[in-house]
Amino acid sequence: MPMDFQILDADYQIVNGSGPVIRLFGRGADGKSVCCFVPDFEPYFYLKASGDLHAVARLIKDTFEQVQKVEIVKKFEPVGYQKTKKEILRITTRLPRDVPEIRDEILKIRDVLGAEGDWQIYESDILFRNRFLIDRDLGGMVWVSVEGKSVEPPRYFRTGPAGSSLRENFACDSAILASGLKRVESLAIAPLKYLAFDIECLPHDGGMPSPDVSPIIMISFSFEPAYNGHKTLILLAKPAAGMDGDVIPCRDETEMLNRFFEIICEYDPDIVAGYNHQDFDIPYITDRVKTLIAKGEVINPVVGRDGSQMGYRRFGLITRTELKGRVVVDALPLIRRAFSLKQYTLRVVSKELLNREKLDVAPMEMEEYWNDSGDKFKKFVDYSRRDSELAMELVLELRLLDKYIALAQVSGSLLQEIVDGGQTSMVENLLLREFRRKDRVILPKPGDELSSERYDMSSDLKGGEVLEPKKGLLENVLILDYKSLYPTIMMAHNLCYTTVVNRDRPDGETIKPPSGGEFVPPEVFRGIVPSILEDLLNQRGDTKKRMKRASDENECRVLDATQLALKILLNSFYGYSGYARARLYSLTLANAVTSFGRSNILNTREIINNTIGKIVLRGSAALLLEEAGELSSQDKIVELSVAYGDTDSVFVHCRSGGDISLEEISLVGNRLSEIVSASLPDPMELEFESVAKRALLIAKKRYALWLFEPKNSGWENKIKVKGMETVRRDWCELTSITLNRVLELVLIEGDVDQAVEHVRKVVNDVRNLDPGRDAELIEKLVLTRTLTRKPDSYKNKQPHLTVVENLRTRTGIMPSIGTRIPFVIIAGKGLFVERAEDPDYVREHNVSIDVDYYIKKQILPPVERILGVFGVKMSSLDFDSKQKGLFDFEVNKPEVKTQEKEKASSQKELEGMVQEEKLQCPENGRVEQRSLFDF
DNA sequence: TGATCTACCTAC
DNA sequence: TAAGGTAGGTAGATCA
Numbered sequence: 001m002p003m004d005f006q007i008l009d010a011d012y013q014i015v016n017g018s019g020p021v022i023r024l025f026g027r028g029a030d031g032k033s034v035c036c037f038v039p040d041f042e043p044y045f046y047l048k049a050s051g052d053l054h055a056v057a058r059l060i061k062d063t064f065e066q067v068q069k070v071e072i073v074k075k076f077e078p079v080g081y082q083k084t085k086k087e088i089l090r091i092t093t094r095l096p097r098d099v100p101e102i103r104d105e106i107l108k109i110r111d112v113l114g115a116e117g118d119w120q121i122y123e124s125d126i127l128f129r130n131r132f133l134i135d136r137d138l139g140g141m142v143w144v145s146v147e148g149k150s151v152e153p154p155r156y157f158r159t160g161p162a163g164s165s166l167r168e169n170f171a172c173d174s175a176i177l178a179s180g181l182k183r184v185e186s187l188a189i190a191p192l193k194y195l196a197f198d199i200e201c202l203p204h205d206g207g208m209p210s211p212d213v214s215p216i217i218m219i220s221f222s223f224e225p226a227y228n229g230h231k232t233l234i235l236l237a238k239p240a241a242g243m244d245g246d247v248i249p250c251r252d253e254t255e256m257l258n259r260f261f262e263i264i265c266e267y268d269p270d271i272v273a274g275y276n277h278q279d280f281d282i283p284y285i286t287d288r289v290k291t292l293i294a295k296g297e298v299i300n301p302v303v304g305r306d307g308s309q310m311g312y313r314r315f316g317l318i319t320r321t322e323l324k325g326r327v328v329v330d331a332l333p334l335i336r337r338a339f340s341l342k343q344y345t346l347r348v349v350s351k352e353l354l355n356r357e358k359l360d361v362a363p364m365e366m367e368e369y370w371n372d373s374g375d376k377f378k379k380f381v382d383y384s385r386r387d388s389e390l391a392m393e394l395v396l397e398l399r400l401l402d403k404y405i406a407l408a409q410v411s412g413s414l415l416q417e418i419v420d421g422g423q424t425s426m427v428e429n430l431l432l433r434e435f436r437r438k439d440r441v442i443l444p445k446p447g448d449e450l451s452s453e454r455y456d457m458s459s460d461l462k463g464g465e466v467l468e469p470k471k472g473l474l475e476n477v478l479i480l481d482y483k484s485l486y487p488t489i490m491m492a493h494n495l496c497y498t499t500v501v502n503r504d505r506p507d508g509e510t511i512k513p514p515s516g517g518e519f520v521p522p523e524v525f526r527g528i529v530p531s532i533l534e535d536l537l538n539q540r541g542d543t544k545k546r547m548k549r550a551s552d553e554n555e556c557r558v559l560d561a562t563q564l565a566l567k568i569l570l571n572s573f574y575g576y577s578g579y580a581r582a583r584l585y586s587l588t589l590a591n592a593v594t595s596f597g598r599s600n601i602l603n604t605r606e607i608i609n610n611t612i613g614k615i616v617l618r619g620s621a622a623l624l625l626e627e628a629g630e631l632s633s634q635d636k637i638v639e640l641s642v643a644y645g646d647t648d649s650v651f652v653h654c655r656s657g658g659d660i661s662l663e664e665i666s667l668v669g670n671r672l673s674e675i676v677s678a679s680l681p682d683p684m685e686l687e688f689e690s691v692a693k694r695a696l697l698i699a700k701k702r703y704a705l706w707l708f709e710p711k712n713s714g715w716e717n718k719i720k721v722k723g724m725e726t727v728r729r730d731w732c733e734l735t736s737i738t739l740n741r742v743l744e745l746v747l748i749e750g751d752v753d754q755a756v757e758h759v760r761k762v763v764n765d766v767r768n769l770d771p772g773r774d775a776e777l778i779e780k781l782v783l784t785r786t787l788t789r790k791p792d793s794y795k796n797k798q799p800h801l802t803v804v805e806n807l808r809t810r811t812g813i814m815p816s817i818g819t820r821i822p823f824v825i826i827a828g829k830g831l832f833v834e835r836a837e838d839p840d841y842v843r844e845h846n847v848s849i850d851v852d853y854y855i856k857k858q859i860l861p862p863v864e865r866i867l868g869v870f871g872v873k874m875s876s877l878d879f880d881s882k883q884k885g886l887f888d889f890e891v892n893k894p895e896v897k898t899q900e901k902e903k904a905s906s907q908k909e910l911e912g913m914v915q916e917e918k919l920q921c922p923e924n925g926r927v928e929q930r931s932l933f934d935f
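551 is the number that the working numbering gives to position 551 of the first sequence; each next residue is one higher, with no gaps.
Hints were generated in silico from the structure; no laboratory data involved.
In silico lysine-lysine, DSSO-like type, Cα no more than 27 Å apart, as pairs:
#1 Lys351 / Lys718
#2 Lys69 / Lys85
#3 Lys324 / Lys32
#4 Lys701 / Lys856
#5 Lys379 / Lys238
#6 Lys722 / Lys471
#7 Lys761 / Lys720
#8 Lys61 / Lys86
#9 Lys780 / Lys829
#10 Lys614 / Lys470
#11 Lys108 / Lys69
#12 Lys231 / Lys379
#13 Lys470 / Lys700
#14 Lys718 / Lys548
#15 Lys512 / Lys483
#16 Lys614 / Lys636
#17 Lys722 / Lys351
#18 Lys857 / Lys342
#19 Lys108 / Lys48
#20 Lys74 / Lys61
#21 Lys238 / Lys376
#22 Lys74 / Lys108
#23 Lys342 / Lys718
#24 Lys722 / Lys342
#25 Lys462 / Lys701
#26 Lys722 / Lys700
#27 Lys829 / Lys857
#28 Lys342 / Lys795
Per label pair, the in silico range of CB-to-CB distance:
#29 Asp52 / Glu523: 32 to 40 Å
#30 Leu354 / Gly17: 47 to 55 Å
#31 Ala226 / Ala338: 26 to 34 Å
#32 Met1 / Ser452: 54 to 62 Å
Yeah, the Cβ is synthetic: ideal placement off N, Cα and C, and Gly gets one too.
Construct the complete structure from the given sequences, taking the supplied hints into account.
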């Protein structure tokens, strides 16, 4: 009877005498975990050689006993348009590890033969499990239906209680030796089991714990679904009485660790979650176990579905953990990628994203709490339990994995690879599949030398065009943008590695991008990348259609994740082509894409400003001047000019003698989208996105819009801020809330006076700051910056470095790279950087804040950039003296086109809506999920 | 003191 | 076996 399961992980095993056997690990639709053995898949790679290929083949076969067979096959080479395939060798080895082993040796054959010409190895560095998945059209989180016979699952051994003899167990529920395997199309997700855990260590004097001396004293678990009725469990490294039913006291640390591994194996989770456990808990446990074993303790750290032990490897700054057959999901990096927050400590993240409090025990107090047997001890236990609960909730409630599961299904990469890595593995996976189908081989990954050579060249890659903004406050601005600009450019112009003209010349015309280079048109050869993109785009369209039909909420979520994954993949190909470590790197290709993009946006501006110029509104029609013919007094003429644009967007300023309603502007928007789209090659499309009733353009990449979007039967409005200090995390919260208020007053109320008044009040509050009382205000003065490298590799002093240094000398704690460091600027003499201080330290020691810095450097400059537009000057400010008038605003009554009284009716209408629909400024509202790159 | 460089973060 | 891309604004340190 065939059995269906979803592929979670894959690897291979060497079976004595019969070569490699692929193992697929997964969870069945029936809820059982599976290990599926697939025999008869052989490792291979390709060699392009010169001379008599038969002779080369024979020599290779005779020289290397690892080589099973050498065949001559016809393939296209990776890059460049080619009229015909070329004969190359396909070399099959006995074991996967033979491939890298003989890869370099094999080039020596060339010297033996004294052959002239180019030899090149292809596809020798593809992991065997990936090779299998690609060749069999399988992939991560894909469903398979397998036929075969039941066999015994992998086993593991572990110590029993109190030093009893070794006990043997199966590492997963079932195993099957496959005789037939086929892909099943389904977006369903198997009933996955989630386990989250967190450890507590007992450090020396509250400093950093070290696994060779500091014991692990508690481990907490969280389970979904429950484990023997428990949602959580807490293991203690000491006996204890009077604890609740989720607490398991152990004799000592060794017994606790054995229980830990036992519970993991028994529960048999698919997903092992934690918060920073990839970098901390897992390495710590691994090292601690080693330390204890070295002392003679008996611990068997089994965690894998094949009976393998826990382990980790460090690559430079990155730690990789592998739990065979399972997926390690660290919520920290996923949250960093998905949400823009000022800090990513579990405390801040839980509060911001789950609105849940982390319980806390200060490192200095841990020892006391641990040795207590009353309330303090219980508090410590609860603190530990809460941490694993939070890790689990972050993963499940924020649905952090949905996107990654969809990406695995769509790209074919294994889930772990996607969760750990970037876009490279997904793009390469798709490329390998499609190149294989079209008989084209792919290059190996570039070495360090080639990569850095490419990296030096990559300054030759030009990016998008940013139009100079028409600075100031504008009314009635249309926002249009190109849907998936770069992918559609590649499709429209057949831009691909396989169409670039660099060896064979096609007969007819070629496509010539503005950046130079030549590409063959699709009639001559349809590029592989454009065809992949087309497929992804079609799939996305279908998915969106299915989403509209879907009634089930869960189905809708899965489909939404799928269309999002498709969008991410669509947008990954351009970046990959200019990425120095890509297998397929082509500056010609990348430059062709961006150059079409630049000329496109410039063309669009030209068409709107000059070719179209004006639109006539007549009834519900938006007409070109030539369509309108004779104009009547009923007609409304809208004059168009592009006020700004960045890469794939244009902001069109609409002016007319009288008022224009949102509906009327929308008519213009739709018409523009129609006209411009019609002038573009398929599938490029300029989309009408939204209308800004008012737009404040400050500089390139810095603006605020009062946006109106159609919603149900009315309009939904909100302020959207880009690039300004309100959305920047290296400014303090006081700056963002003040600026947000100013923007509201200016954009919605059109009331500059009130904005000035507001700023005056804020400045006054700061000036009269009383550090003892205004803890809340101080909270709003905290700045944060990312520690981006090792402290000694900075050339200039930096404020957050000062804080890191202070922290290190005071507590011995060294934040890791990537951590956001909070600080405030304290009063005193000397450089700004030297006056940065840890906010906690400031609070505890009542250090005074540099009030002047906050007023002059944090509040006023950003405010001035906005209010300056209305002629508000703050030149005559003298903050150092404590005189009467703190400062004088010179308000040149702005000719605020915004305050025209005659608009009373529409104005009132708008204000009504504002009250209904509360403003969603990023800092005030719920934290928004970070959006994607999307050109 | 003004010009240049370094660092960070953001828009797309 | 680490990592998609470029364009751009702003602040502060450092250089000349």
